[in-house]
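Novice: Letter by letter, the chains look like this.
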Amino acid sequence: MKKKWLPYILVSPYILHFIVFVAFPVLFSLVLTFHKWNIISPMEYTGFSNYTKMFNDRLFWKSLVNTFQFLIIHIPLQIIISLALAEFLNQNIKLKGFFRAAFFLPVIVSGVVVTILWQQLFGYDSGLFNRMLVSVGLSKVGWLIDPNIAMGSIALMATWKNVGLYVILFLVGLQTVPAHYYEAASIEGASHWQKFRKITLPMINPTIFMVVILSTIGGFSLFIEPYIMTGGGPLSSTMSSVLYVYKQAFEYFHMGYSVTLGFFFAMLILGVVVLQKKYLERGED
Amino acid sequence: MINKQYIIVVLIAMTFWSCNKLNKENDNTLLYWSSNNMNEIEFTKHFIDKWNSEGTSKIKFQPIPEGQSSEEVILASVVGKTTPDIYANMWQGSVEMYAKAGVLVPLDTLEGFTEFIKERCSKETIKEITSADGHIYQVPWKINPIMTIYNKRLSSDFGLPKLPNTYKEYLQAGEAIKKDKDNDGYVDQWVGYTEVKVLWYQRFFNFYPLYLAASNGGSLVKDNKAAFNNEYAIGVFRFLQELYQKEYFSKERLSAGQDRFITEDIFTKWTGPWEINHVNKFKQRDDFEFDFFPMQVPENHEGPIYTYADPKNIVIFNTCKQPQEAWNFIKTLIDKEGDKQLLEITGQLPNRKNIETEEVFQDYLEKNPKVKTFAKQANYVKGVDNCEVIVEVFDIISQEYEACVIYNKKTPEQAIADAAKAVDNLLRN
Chain W
120 MKKKWLPYIL VSPYILHFIV FVAFPVLFSL VLTFHKWNII SPMEYTGFSN YTKMFNDRLF
180 WKSLVNTFQF LIIHIPLQII ISLALAEFLN QNIKLKGFFR AAFFLPVIVS GVVVTILWQQ
240 LFGYDSGLFN RMLVSVGLSK VGWLIDPNIA MGSIALMATW KNVGLYVILF LVGLQTVPAH
300 YYEAASIEGA SHWQKFRKIT LPMINPTIFM VVILSTIGGF SLFIEPYIMT GGGPLSSTMS
360 SVLYVYKQAF EYFHMGYSVT LGFFFAMLIL GVVVLQKKYL ERGED
Chain Z
710 MINKQYIIVV LIAMTFWSCN KLNKENDNTL LYWSSNNMNE IEFTKHFIDK WNSEGTSKIK
770 FQPIPEGQSS EEVILASVVG KTTPDIYANM WQGSVEMYAK AGVLVPLDTL EGFTEFIKER
830 CSKETIKEIT SADGHIYQVP WKINPIMTIY NKRLSSDFGL PKLPNTYKEY LQAGEAIKKD
890 KDNDGYVDQW VGYTEVKVLW YQRFFNFYPL YLAASNGGSL VKDNKAAFNN EYAIGVFRFL
950 QELYQKEYFS KERLSAGQDR FITEDIFTKW TGPWEINHVN KFKQRDDFEF DFFPMQVPEN
1010 HEGPIYTYAD PKNIVIFNTC KQPQEAWNFI KTLIDKEGDK QLLEITGQLP NRKNIETEEV
1070 FQDYLEKNPK VKTFAKQANY VKGVDNCEVI VEVFDIISQE YEACVIYNKK TPEQAIADAA
1130 KAVDNLLRN
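From first to last, the protein sequence lines stand for chains W and Z. Just so we're aligned, residue 120 is where the first sequence starts under the working numbering, counting upward by one. Just so we're aligned, residue 710 is where the second sequence starts under the working numbering, counting upward by one.
Note that these hints are calculated values from the structure, not bench results. Idealized CB from N, CA, C, for every residue including glycine. Each hint should be verified, as a subset may be incorrect.
As the list claims (entries may be wrong) - Partial chain W-side listing against chain Z, Cβ under 8 Å, derived: (1) 158; (2) 160; (3) 163; (4) 242; (5) 243; (6) 244; (7) 253; (8) 259; (9) 260; (10) 264; (11) 350; (12) 353; (13) 354; (14) 368; (15) 371; (16) 390.
As the list claims (entries may be wrong) - When the alpha-carbon atoms are kept at most 20 Å apart in a straight line, the in silico PhoX-like pairs for lysine-lysine are as follows: (17) 259(W) with 877(Z); (18) 1085(Z) with 1045(Z); (19) 259(W) with 888(Z); (20) 1062(Z) with 181(W); (21) 1081(Z) with 1062(Z); (22) 259(W) with 1045(Z); (23) 1085(Z) with 181(W); (24) 890(Z) with 259(W); (25) 861(Z) with 871(Z); (26) 877(Z) with 955(Z); (27) 155(W) with 809(Z); (28) 827(Z) with 809(Z); (29) 1062(Z) with 836(Z); (30) 887(Z) with 259(W); (31) 1049(Z) with 1030(Z); (32) 1119(Z) with 181(W).
All chains, full assembly: derive it from the sequences and hints.
Specialist: The following block contains the structure:
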């Protein structure tokens, strides 16, 4: 009898945690998508009105486009820079330990602190970047005040912040490539670029896949940077989907609507990640 | 084994007993939350110590718990049913939502409230705080009117003939002051600065007080419809748009760095009386002199110049078991003597009529002429319209403000019309 119950008792903390913090919130949120609720008043059933509103909400679709814009800039930039740095660190160079720590440092610094720091660097009149541009005779750039540039600036900052993590991942991937592959290729007269293309890239494909998935999920949850730096402006050009969901929930108290947006957004992320997985797996085959 | 069981039972019993004891203690004690401003904490502590030594009931005081904003903390406490009995720092715009949700005590049902409030406040203020259901859920307590601060030295250095009171004069001052001080081809001295961020509450320090000034205290929302699609709002958008177009204002978030009023890169700023202590504390030269004047108005403006009051009020939550006793305390907190102490300790103006001429405040105002300027302005102030979704109304205006004023993507007429249409849609739903 004792043996029969023991497994259940042992898994019960996880089951309890799952029910309280996962299953219940998800089910409650699903119910909420059919209601209007401002937290403090009773819920009001509204049928599919939140869904209809979502399809007609111009700003929500703009926030999705903005998020994809961010991903299009951020993911390739992240992969190229981190792979290049990992390749550099994989060589026999002096101060390897120092560079590894230096590249990783921004990852452990608080996102809020980094964002505030970059906000100062991006300043139009007094920011360091513009001062440097002016000092060499170039024009100032509206890093955060030009609607066409602001999202790119945020992507640049996010890349700087996260690149260290992906450098470590790529470094691990590079170190798993057997050295004799390169030796054989060298004997065959392969150039450095050919070795990189024909050996390194295929061998670290699982790492690339992981980096793409992690960057995509991380990129979809873009929030701190636009929240602090731009508030979603200028002209809603940095309004990310998560920031918009947050605004709906905690500025306007449209809980039902924000949950509807959240559900849709979660499904979208799932779809994108599944597509990426299929595409990259096909590449592996 | 028996001993272990015994210990567990005793521990559980002690826990229940101590909780019960705590509840009993709380039954006779009112919990009061103030803002976490240091001066206000000092004022409240001073006042509550006095009340507790003299009064029949006891008040327990604590500054509002830390959070991103006091609004968020209050909301969390309402949801968690952990609200204090009295909260003294409620933004007027939040009250209607809480009133509709039934979490506030209708104060006009309490004995002595109506008479007291009629004596303390003007008819306009009472009308402004009366909710849609006809009840009053808030006690008007203090205000921080928004005015124009200016640098006295720069005024004479630039040879301005007079203070720029109208749009035209302000734009002329903008042309006179605009300068590229370090010759890098970019302007770095401006007539003024106001926050460019699209956050809804930033409009309290630019669009809204200018709109109230131009419209003699007009409404944004009236009879559940947008009431700002008029010449005044359009005029304000045009005025501000011109300031940015002609580079009299900077589009950069200057507030993210050093205070540009203190570094003397800007001549004016739209701000409240809190700026007096701030500038005095951080000014970089002893001879730095500043003063205040009303918001700018159109050339053809007639009548007094209104502004935004930035009112903070007192409410009693319905978790309070002794609302009458709570009101008795509030009544003492905001009587003339209480208001005098508020003024002396915090430098904030009480929201009462005739503050400028009331005998009891004269001594302080004479010694603090800058505060007196605000006291004069206090005769012509307005809060926000009583509307459950006022935050969204300001957000809609902010979106159009950014598109028109900052980025010149729309004409003022189009931007205001679009904002009014969006607000009408919002109020209809």
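Novice: Tell me, which hint numbers fail for this structure?
Specialist: The structure breaks hints 3, 9, 14, 16, 17, 20, 22, 23, 28 and 31; every other hint is satisfied.
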